[in-house]
Amino acid sequence: MSDPILSVEGLGVNYGRVEAVRNVSFEVPEGALVTLVGANGAGKTSVLNAVSGLLRPRQGVITFEGNDITKWPAHRLVKAGLVQVPEGREILGTLTVAENLSLGGWHRKNSTLHAKVSEVYERFPVLFERRKLHAGALSGGEQQMLSIARALIAEPKVLLLDEPSMGLAPKIVDEVFAVIEEIRLTGTTVVLVEQNARRALAAADYGYVLETGEVSHFGPAHELLADEKVIEAYLGLD
Amino acid sequence: MFADYTSLITLIALTAILAYSFYAVLIAGQLSLAQVGLASLAAFTSALVVPAEPLFGFIPPLAIGIVFGMFVGAIAAFILGLPVIRLRGVFLAIATLAFGEMVRIFLINQSWTNGAQGLSFSKLVGPGIAWIALAVVAYWFWRLSGSRLGRAFAAIREDELAATTMGIDVPRYRMASFVIAGAVAGLYGVLLAHFSRFADPNEFSFTAAVDGLVTAVVGGVTLFVGPILGSAFLSVLPEVQRVIGIDAGWIRPTISGVLLLVVILFLPGGLSGLIPRRKSAKRLIADPSLRPTLPALPAAGSELVSLSRLGKSYGGVHAVQSVDLTVNAGEVLGLIGPNGAGKTTLVNMVTALTPPTTGTGTVLGVPLSATTKAHRLAQAGVARTFQQIKLFNRLSALENVLVGGYRITQDTLLRRLLFLPSARRSEREAVAMASAQLIRVGLADKASNAAGDLSYGDQRRLEIARALASHPSLLVLDEPAAGMNHVEAASLSELIRSLAADGIAVLVIEHNVRMMLATCDRIMVLNFGEIIAFGKPGDIARDPRVLEAYLGSSGSDEDEEAASVLASENLAQVAADRDSDQSGHHSDPAPDGETNPEENR
Amino acid sequence: MQLFLDGIFLGSIYALFAIGFTLVFGILDRLNLAHAAVFTAGALVGIEIVTLFGVPIWLLIPIILVVGAVLGILIERIAFRPLAGRHDAHFAGLISSIAFGAIILSLLQALYGADTRRFPADAFPSTRVEIFGATVSLLQVIILIISVSLMVVLTWLVAKSKLGRGMRTIAENPHAAAVLGLNVGRISSTTFALSSALGAVAGVLFTLNVNAASLGIGHAVELKALAVIVVGGMGSLPGALVGGLILGVAEVLAVNYIGSSWRDMVAFGLLFLILILRPQGLFGARKTREV
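The listed protein sequences derive, respectively, from chains A, B and C.
UniProt numbering applies: residue 1 is where the first sequence begins, and numbers increase by one.
UniProt numbering applies: residue 1 is where the second sequence begins, and numbers increase by one.
UniProt numbering applies: residue 1 is where the third sequence begins, and numbers increase by one.
FYI, nobody ran anything at the bench for these hints, they're computed from the structure.
The beta-carbon is built from N, C-alpha and C at its ideal position, and this holds for glycine as well.
Each hint should be verified, as a subset may be incorrect.
[Said to hold, decoys possible] Derived list of chain A stretches under chain C, where covered just means 3 residues or more per stretch with a C-beta under 8 Å from a C-beta of chain C:
1) 69 to 78
2) 87 to 94
[What the hints assert, rightly or not] Partial list, derived from the structure: chain B residues whose beta carbon lies under 8 Å from chain C:
3) 79
4) 99
5) 258
6) 261
Next up, chain A with everything else stripped away, as it sits in the complex:
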């Protein structure tokens, strides 16, 4: 069995003196889709932000491609291929769609950037149509697509998705999940954080359930989905 591309061991994250995450460990095999599910405030986003270098963990070790990246700053991780699609999309509303995309290629040379952007436009034709519009004028679903597309420009080895279905209509959520499925078919490893536990588990290979900052259940996603206890506990959550 090959080593996981990303692994987190004993992660703890504090906000001030509040423990948001306690002793969380998980592994992400290369090419897999791993999901972290749980309620609002369970600590999912804190875990993701610690992995992508936006939060300094209190304890624990994060390993990416065999390197200890626990203390790497965010920009170095993006360059190394660990790219986040943040919660709430965080698109730059006053910049155009095209400018948003080219920011996704901050670390790329101009020559390869152009080709990559065209490639992304092919996958997201709606973004090509709207490339000259201010990103703030896009619909919620289009903004989410832009946020994902922008991350793809950086050619991630591991894509970290934080609540991509948030605030979207069920039909649009379907589209987002279809895009995620496409992305993993290209071989990109995906870590998906979701409140919509059922959807996320249905799409994932492995799942971890977070509850008040700790992992309460984990295992292959289809097993979790069939597990009475997990169903009991989490199907009530949207």
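Fit chains B and C to the supplied structure of chain A, relying on the hints for placement.
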């Protein structure tokens, strides 16, 4: 020996008084640089009224000057405050700085101030008077810090929006802190002029304002002795340097600069932050007999909220469209829907934080309009919690709940200044009521912890306790169970039912559908700003539109299909239990140990 | 005409100082009150260099740009970066930059003493020329050219370059910038370096204009620069340019028609009025980040 230091000792007191005038605005979260300008106005105008001989033979000239100077300072601060009070942060600082400079330039160009040549004053102030004045000012701020007014200032500093929803009229209190600061600045100006016997308007410059601010900040604003510590430290420092012989022109400012930098970077609470806070100051009072009797809540079933076609749009986007709704005393009304469905916008309109763009509404007799102030609604009996927790993080849990009791307590500052027993009684009653709420939500053992240090779930509970402390008729909870585990969510559910049994109307937003079905009398489901279903929990759980919005529409995946069916059966069962449970209370005691509470169904 | 031109010369220096001030505010949302000390440092170090080595003006300006940039990086590292993430970072940044400014000034005092200093008498050409019926010195024209071209270069840099794109991204959403892999720390440092480089050159140019520099010159200019950036709109680069020129001309006119003792009233009166009537300034680019 002492005589050598007379001047230093006096200046420590005077500088501390100036620092108190900055402290007075800083405790309410504002930064004003007008203080020395106000001081110079007071100083120079006092020269016009201070007589050479005692008035009527017994009122000392200085007393007249002080009263007049404080009055001038307060009035000038009020007039300055009228246009600038709505500015915040850096903008307020710049506007007040400009005012201070304008005063300076104005005074320099007046003949009665003798312009830049300066004006002579009689020497009326020595160390004794300076320290007596300082003692009086410090006493005022000491008594202020534990009063309802002092708590209101602290609440505004920590979170203006949350303070508004406690019923605190934020602009009025900000103005009050401005005027108090102006009076103290006036006192400083008059005392300084009559101590140094000479003043020219250029002494009251930007640099002097910065020095005063620095003194207040170095001392710290978390404790009333801060300004005295700051002044003593900064005044004695050069003296010490002189004595040990390292005061060559540039060394002194270098050392003070470095020290100031160290204090601001490494001592966020200033020097007074080094003093451990007395934990005994506010103890929980658990004795129920000390709680006062509160006015009765509206009779169960009476209509508290009535909305008619209420809507809100931002630009062209409809966050909420045309909602009709009534909420009655004693009922739990649930609001569910996917993220971004408009639930929070709706409750923001009900609590007057967001003005509606269409429709009408009345909440506890107050009509909702563009000009309805949130603190008015809070005064009428609306309390709420926030999706993004808004606690007063640096205040203790008990202090948070005490601020929550603002609506039903009386101000105690004047009585506290006189040490009247009734002030003590009022304070004890307030603490007793606050304690009751902390005990009710299960935070009794964390009363003295800073709110910001509590765990996420405890913060949620504290916010509920704070909201309950205002003895509300209508309680609005925005995602109260977020971050709670199942045992905690179950006990929250019971708490909500017991509040409703007391006669409070509860409007609750929550994602935990299972909990909502078990807790609410009626549930409204929003999606894209529109009501897609409204009714009893049992009907909601079976409604196909709700299932679609919540569980997704695609049914191609078999797992999903199965899960979806299972889910809806589960939910319907929970809801049916709830509907048949007329008392509203769960008869099963909360299970202990590892058992999942849901298994007791 | 003479008055108008004098006002433009003065105003262009105010603008150069203010544009650095407003750059940091616009992008990092911080008011750097050590900017005045950088201005003074530029002036005094400039005099020292010319006195010691007799360098010509075209060499002096790049040297001072570097001196200013180094100071800017130090300010960011020491007075601002340690505050990142603190809830009172806004307020604490004001105080820590005041403290750092005081340290710079006291070190300048240690190096050059507290007296007023001047450039050597014959250091720069004293040619005077006549334009539109007004007499101006060649030096004044050079000052104007330098300050305007520096401002143009800065505006271009922010609008067009990759660095500028990074700065604008941080200004709009620092969190998104970090997510996208921008090195927020380095871009912040660079912003401070640019800001302080311009502030230091403004100090030299100001001193060339009046041929006198003392430890206190920064304070007066700082207060006026606050007026300039508020009038122009906090964070707006063109606003700082226009605001500076307006203030320069208004002051010269005020001295002539109302009297020099009322001169400073113009700046503060204008500042006060704008804050009350139109807090976002003439070129209102104010973000609503602070609530």
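Residue hint residue 258 of chain B, partner chain C, criterion CB-CB below 8 Å = holds, 6 Å
Restraint check, 8 Å cut-off on beta carbons, for residue 261 of chain B near chain C = holds, 4 Å
task = Please verify that hint: residue 99 of chain B, Cβ, nearest Cβ of chain C, below 8 Å or not.
result = This hint holds: residue 99 of chain B lies near chain C, its Cβ roughly 6 Å from the closest one there, short of 8 Å.
key: Within 8 Å of chain C (C-beta), three or more residues of the segment 87 to 94 of chain A   = As far as the segment 87 to 94 of chain A goes, the hint holds, because 5 residues have Cβ atoms under 8 Å from chain C.
Interface hint outcome for residue 79 of chain B [beta carbon to chain C under 8 Å] = violated, 13 Å
ask   = Per the coverage rule (Cβ-Cβ under 8 Å, at least three residues), is the segment 69 to 78 of chain A covered by chain C?
value = holds (count 5)
Hint 3 alone, counting from the list given before, is not met by this structure.
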